[in-house]
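Undergrad: Add chains Z, R and G with the ligands to chain H, keeping to what the hints say.
Protein chains in written order, with this note's numbering: chain H, 1 to 357; chain Z, 1001 to 1357; chain R, 2001 to 2343; chain G, 3001 to 3343.
Simulated from the structure, these hints should not be mistaken for laboratory data. No false leads were mixed into what you were given.
Below, in silico cross-link-like pairs of lysine to aspartate or glutamate (DMTMM-like), each with a Cα-Cα straight-line distance of 25 Å or less:
1) G/LYS3123 x H/ASP113
2) H/LYS170 x G/ASP3016
3) G/LYS3213 x G/GLU3336
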Amino acid sequence: MAKEENKAMPESMKDVEASFKELVDLDVKTSTETRVEDLTKDASTSMYKNMENIRNFEENAKRYFAAGEIPGFVHLYAGEEAIAAGVCAHLSDDDFITSTHRGHGHCVAKGGDLNGMMAEIFGRSDGLGKGKGGSMHIADIDKGILGANGMVGGGFGLATGAAMRNKYKKNGKVVVCFFGDGAANEGVFHECLNMAAIWDLPIIFVNENNFYAEATPQWYASASNTIAERAAAYSMPGVRVNGKDIVAVHDIAGKAIERARNGEGPTLIECVTYRMYGHFEGDEQSYKAQSGEEKEWAEVDPLDVFREYTIENGLMTEEELDEIREQSKKDIEAAVSYAKESPEPSPESLYKDVFAD
Amino acid sequence: MAKEENKAMPESMKDVEASFKELVDLDVKTSTETRVEDLTKDASTSMYKNMENIRNFEENAKRYFAAGEIPGFVHLYAGEEAIAAGVCAHLSDDDFITSTHRGHGHCVAKGGDLNGMMAEIFGRSDGLGKGKGGSMHIADIDKGILGANGMVGGGFGLATGAAMRNKYKKNGKVVVCFFGDGAANEGVFHECLNMAAIWDLPIIFVNENNFYAEATPQWYASASNTIAERAAAYSMPGVRVNGKDIVAVHDIAGKAIERARNGEGPTLIECVTYRMYGHFEGDEQSYKAQSGEEKEWAEVDPLDVFREYTIENGLMTEEELDEIREQSKKDIEAAVSYAKESPEPSPESLYKDVFAD
Amino acid sequence: MSNDKLFMNAINEALDQAMEKDENVILLGEDIAGGADVSHLEEENKESWGGVFGVTAGLMPKYGRERVIDTPLSEMGYMSSAVGMAATGLRPVPELMFNDFIGFSFDAILGQASKMRYMFGGKAKIPMTVRTMHGAGVNAAAQHSGSYYGIFGSIPGVKVVVPATPYDAKGLMLSAIEEDNVVIFSEDKTLYGSKGDVPDDYYTIPIGEADVKREGEHLTIVTIGKMLFVGLDVAETLEKDNVSVEVIDLRTVAPWDQETVIQSVKKTGRLIVIDEANPHNNTATDIASVVTDRAFDYLDGPIKCVCAPNTPVPFATNLEQLYIPNKEKVLNEADEIIFDLKA
Amino acid sequence: MSNDKLFMNAINEALDQAMEKDENVILLGEDIAGGADVSHLEEENKESWGGVFGVTAGLMPKYGRERVIDTPLSEMGYMSSAVGMAATGLRPVPELMFNDFIGFSFDAILGQASKMRYMFGGKAKIPMTVRTMHGAGVNAAAQHSGSYYGIFGSIPGVKVVVPATPYDAKGLMLSAIEEDNVVIFSEDKTLYGSKGDVPDDYYTIPIGEADVKREGEHLTIVTIGKMLFVGLDVAETLEKDNVSVEVIDLRTVAPWDQETVIQSVKKTGRLIVIDEANPHNNTATDIASVVTDRAFDYLDGPIKCVCAPNTPVPFATNLEQLYIPNKEKVLNEADEIIFDLKA
Ligand SMILES: Cc1ncc(C[n+]2csc(CCOP(=O)(O)OP(=O)(O)O)c2C)c(N)n1
Ligand SMILES: Cc1ncc(C[n+]2csc(CCOP(=O)(O)OP(=O)(O)O)c2C)c(N)n1
Ligand SMILES: [Mg+2]
Ligand SMILES: [Mg+2]
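Isolated chain H, as found in the complex (with noise of 0.2 Å):
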């Protein structure tokens, strides 16, 4: 799907509630109103900035891909910018998250580093994980992000334990679980949202409903018609809402992230999306539907709904949301050079951080 077909939010959208109802019955509490006093300049301007740089380097790591200069598995985020960007508005780097297979935008909102984490999915020395990790283990523990995850669920366990330490800690810290609607029918999501649940722990559990696991769909893969209804059976509050909104994400991520910092315990949020491209790159995506709302939701762009809202609500203006894009355009391909700068990684460097001493 080229990019300039892409449109803000058809008005079917505009009202949660009801297209929801069309994707599939919706039974559980769904987030419509967006608090507009809740949004500053500042925080629209930093929410739209790192959606424009996860856009980015999305569109980079595209072509740099498809021209052979970064190699391996590449799984794009483009398309889900509001998510990580609404939730990550929330948190300082002594929150943690966990990330997944598809995990370039959650770093990015995070706060990573954009010349590390180029430099990482280039496999170059400069990388964050010095070119030993690529784009499915691009971490910064010091930003707060315990990694991207190449095993589907693999980060439920390494969230659930981070809460339990900022639990035992009595910090106040809270860790946001990324994770899709495929990885929702893992077992591991069975044990960690009740372990959390019994423990109360300051966790918030973000999936990302996109409709597909790889060519899988989710209304095939899961008994449950919604991934939210699920925490019912953890005695767990869970909400749906539009992934396509970043207004609605970052107020429903707000009122969970605040009741985890007050002790109140966990909470499950799905946000309902869709990828802009294929799985992974080389998904010649068949099993998309060519029309209906499936294609309306995959038209959606997240970075116009966003631009259209801060507008109309006297947020920004145009020039500054152009601004904020011409920018942060520079900014990743200053990125690209710095990665294909710098060196491969050292022979020497297969043997170390094996083990720390």
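TA: Relative to chain H, chains Z, R and G with the ligands alone:
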């Protein structure tokens, strides 16, 4: 708890609703009606016979374990007879069950050979497993017993696979997966209930909620009040029933098994019960309540409950019941003699049965 | 008739012929068809992926979704379900997409499938073939590039097959599916595009038999999977020094073919084993220890194991290439035991 | 001061002193305290089990439930949570009740803990000590009696400790908890009741150092865990034939102490390794292959590995005793390499 203390159902437990409410708030469908017309004299007779066989099998296992003649870990089913006997009454040899570490009761009720079972737990060559499996691995595939299982949660997948096979073969056969309250916190519970639901498999998940997993209470380890309510996360019917009342268990199980045979999909049945003895022989049980409703549950003997019921409803006379009891004692004693006379396995057998050829 | 086929097509052909022959053969795994319940695909009986690398493409359209089952992301659930299917009479062929995912489903093999027959006194059969994928070389990094067939090989009750050529892949797959036991069939993802002669007909290659891919007099090189080509390359090179190398493709790593290997070592007196697994407690060291024990008096020098280093698999291309055993490393090790032979 | 203590008490004392010393040390596992949320126990700050065999008894009452955490039956969940705790600065000591349950939690070790530091370019530390239990001998049958420390030992990034004496158990446990890496601390359930001299004070024994438990000239026997006592027994017996045996207790099976073992073999020229693991791809074969490679010219005979047979662990007492390596089996193997020595 000495056996003579056992009571039939206390008044408070006659109304299941009420008693469950005291146990934990109940917000799932519960069976209260016990449909007498369904219970023929023959059915009652064989169900009672199974309960007696299980009880006597366990009393002897207890005795000979204490005497040092039965080695290893022994988890007794005494006190939970109504569940295995009530559910298996609906099954034939070519319906399958998967059992647990507390498996003697399931195997007896499903028609496992008493001599072969007893010889197995004594570790003799005439045991169902030639003495190589022992108490936690009693199996008899020709009788539809896919095995006791030393891995908590080990039965979920085996049962789900057997149900996939039945569905593929369109043979109208069902599978019953017995599992404990602790097992319900294993991830594979989630994975298998989800798969069973999306594929409408002919399987019944029978949970034996005996308040504890080893020394850990269900109310501590499970974020949900009940196990049954978790069924909702899989769009599966979830039912909670008094597991000390074989008539109620038999009734509910019958409906669920009927649904499964008709291709209407899986059901989760939670049977609340209580074990008469420790987690395993040697357990001091300091965690058990010495008063209150838990103690009431502990003191209910499901055999006495059924005796009372059959007499009240004119299904059997006290004499008939006693006769069955006496016969059962004889049969189990015969099984013990059989086991004791059976030789220990031959040294060569150590190396056999690793591969089929 | 027979002709050149891709390694992945040889596997696909074996699965196809096994399914054709026996309706009890059922495939299951994640996106082995793909697009389940997607209306526009269902209408045309189309799959979407046919496996992440297309190895199972075409089988769903031919045999339908009841025999080519897309599973949810539930490795423990569907792998142990496969054990239940096998114990009740089917011949499931579950796919564990990457062998690295065994961390999510190990009990199906370690706790259940490998032990049931023994624990039940011989009364159960578990005819199950687990297709999985190992190996470095495509920058898939540490969680998608491991070679864990040696871990499976350490488990009593499990047979492990690692084919190196399209011909062996087809014949071994058909044997594996005919087996009444658990077989781990581990495919090297970098071999899928390799070509070789593969008869169109149904044929089997016995599990447990190694194959002498090249005969020689002075040095035996035993290889596992893709390492065969490193071994053959080394043999070519050493031939120039008049060192004649016998290259044995192990094919089955558990139980591996002790007779063929020991016979060769008794002839050559020298052995190198090439195994892409990490260096400790692997198949190479197992072979070295058994051969030292059983053929000690025939050995003219130490047995050399050339394996991956004791590190996870790195992402960067240059490091990953350094990680995989290669010709240079083998030649270095060889020097120590053949210096006396070189003219 | 020091005195005779039970093996299990030595471990308990180590855990106690580690918790005393560092508030970041947290224990978690199934019923390591027991009776969580049981009112009559909570009121008196009592635990119920203190672990299935009582190894952790007394620690909850002393340190409270926030540091001695009873988990639900969720091995993957709490084992991988321990990894998350370690990555964020705690020193968790999760207990995997029986090592056989690794089938439910393997990814925590294989996919996450062992690889994070490497994948992240050295930016993560995982100071985690997994307590687990292995070994046959109590009729616990195939799913509760395996010895899988060799599987852990094959994974890069993991250290594996298997103590044989109370003294070593305490010192090694304290070192393990001080380590900034993943350590698998595997306890033989049949040793808990054994006694030995254990200093009351805090002391450590370096991980990676084997211990020569008996010096000798003619034959080296390397043992793992409980097999030490088989080795010592054999040594006693052979002494009568004037065969002097050196017995080395490996203590750490990964990375194992190559220098100590090779030094000994260079002196004796003969090696037997006793390992209760199944015979293939295990620590014994690893040792045999490394020693053959590094000390080939010093070997007077083949290296013998005495291991469990290639079968699951049987239930019946007579079979189980036959399964475990014993003195007779070792003496049989020894005959082949020491016949020339016997007077
Ligand atoms: C344990 C495990 N199983 C399978 C895979 C292969 N795999 C990688 S991504 C993916 C789909 C994940 O879907 P979802 O959780 O919805 O995330 P999305 O890709 O849609 O963002 C699968 C099956 C894996 N990496 N790890
Ligand atoms: C995978 C696994 N984890 C832990 C254990 C140890 N264990 C054996 S029985 C048991 C408790 C099981 O509780 P529940 O499922 O409620 O069954 P119950 O014993 O109450 O019948 C535990 C923790 C095991 N055998 N397998
Ligand atoms: Mg998805
Ligand atoms: Mg229980």
